[in-house]
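With the hints as extra help, turn the sequences into a complete structure.
From first to last, the protein sequence lines are chains A and B.
Per this note's numbering, the first sequence starts with residue 62, numbered consecutively.
Per this note's numbering, the second sequence starts with residue 20, numbered consecutively.
Don't read these hints as lab results, they were simulated from the structure.
Do not take every clue at face value.
Chain A is faced by these chain B residues, among others (derived, beta-carbon under 10 Å) [to be verified]:
#	residue
1	Q52
2	Q56
3	G59
4	V63
5	L64
6	L105
7	Y116
8	K118
9	F121
10	Q123
If you're wondering where the values come from, they're calculated on a predicted model, not measured in any experiment.
All residues carry an ideal CB built from backbone N, CA and C; glycine is no exception.
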Amino acid sequence: GAVVSQHPSRVICKSGTSVKIECRSLDFQATTMFWYRQFPKQSLMLMATSNEGSKATYEQGVEKDKFLINHASLTLSTLTVTSAHPEDSSFYICSAPLAGFEQYFGPGTRLTVT
Amino acid sequence: TQLLEQSPQFLSIQEGENLTVYCNSSSVFSSLQWYRQEPGEGPVLLVTVVTGGEVKKLKRLTFQFGDARKDSSLHITAAQPGDTGLYLCAGARGTSYGKLTFGQGTILTVHP
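Written as structure tokens, this is what we have:
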């Protein structure tokens, strides 16, 4: 069964608005979670590392003021896309480590900005 | 930025054939994972390999990690239409197990 959930699965928002995506670890605690982005017909690209109790760390080229990450608890991380633009339309996926090396991914959130 | 070169990008075969997908890099990885992803869904973990030279089998799938931990392969025996999907390799360096670098992916289509 799924070990990581995401909500919502799909969201459509207007340009200039903000949208929040939730990532939850199910039945286990995750002090660290990861956010990836996937454009159509492309692979996953790491955006940032979400750390419980401290600031997120962002990969080079990812705007931290645009993609706000909050690790609210040991089972929840949120990604807020602020002032969304059509080019932010993408498939956003989070992951969390369950045991050592293994990363389990959520089902993803399809964001469409109109 | 380390790169993972995955090949082939597209593979179209008939049911019953064998196939191999390759994942190569000039960098050393502490672990390498293979995922399968269906359209509109997140990647699902198939296997993790950690030790150089390691071979893992999962039914008709065989995964190998290179001796130098720079490359990996996925071999599928007697492919079935249900194997159709996107296969991704992803590597982690050092102790940053969650910071994965993904290959470009291989879209496999198995025709009945």
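Against the structure, the hints come out as follows:
1. Interface restraint check: Q52 (chain B) against chain A, minimum CB-CB distance 7 Å, threshold 10 Å, status holds.
2. The interface hint given for Q56 (chain B) holds, since its Cβ lies 9 Å from the closest Cβ of chain A, which is under the 10 Å cut-off.
3. Taken as an interface hint, G59 (chain B) checks out: its beta carbon lies about 7 Å from the nearest beta carbon of chain A, inside 10 Å.
4. Because the closest C-beta pair between V63 (chain B) and chain A is about 7 Å apart, less than 10 Å, the hint holds.
5. The closest approach between the C-beta of L64 (chain B) and any C-beta of chain A is roughly 6 Å, which is under the 10 Å cut-off, so the hint is satisfied.
6. Because the closest C-beta pair between L105 (chain B) and chain A is about 9 Å apart, less than 10 Å, the hint holds.
7. Checking Y116 (chain B) against chain A by beta carbon gives a least distance of about 5 Å; that is within 10 Å, so the hint holds.
8. With a cut of 10 Å, the hint placing K118 (chain B) at the interface with chain A holds, because the nearest CB-to-CB distance is about 6 Å.
9. Here the hint on F121 (chain B) is kept, as its CB sits about 4 Å from the closest CB of chain A, short of 10 Å.
10. Given the 10 Å rule on beta carbons, the hint for Q123 (chain B) holds: about 5 Å separates it from the nearest Cβ of chain A.
In summary, this structure violates none of the numbered hints.
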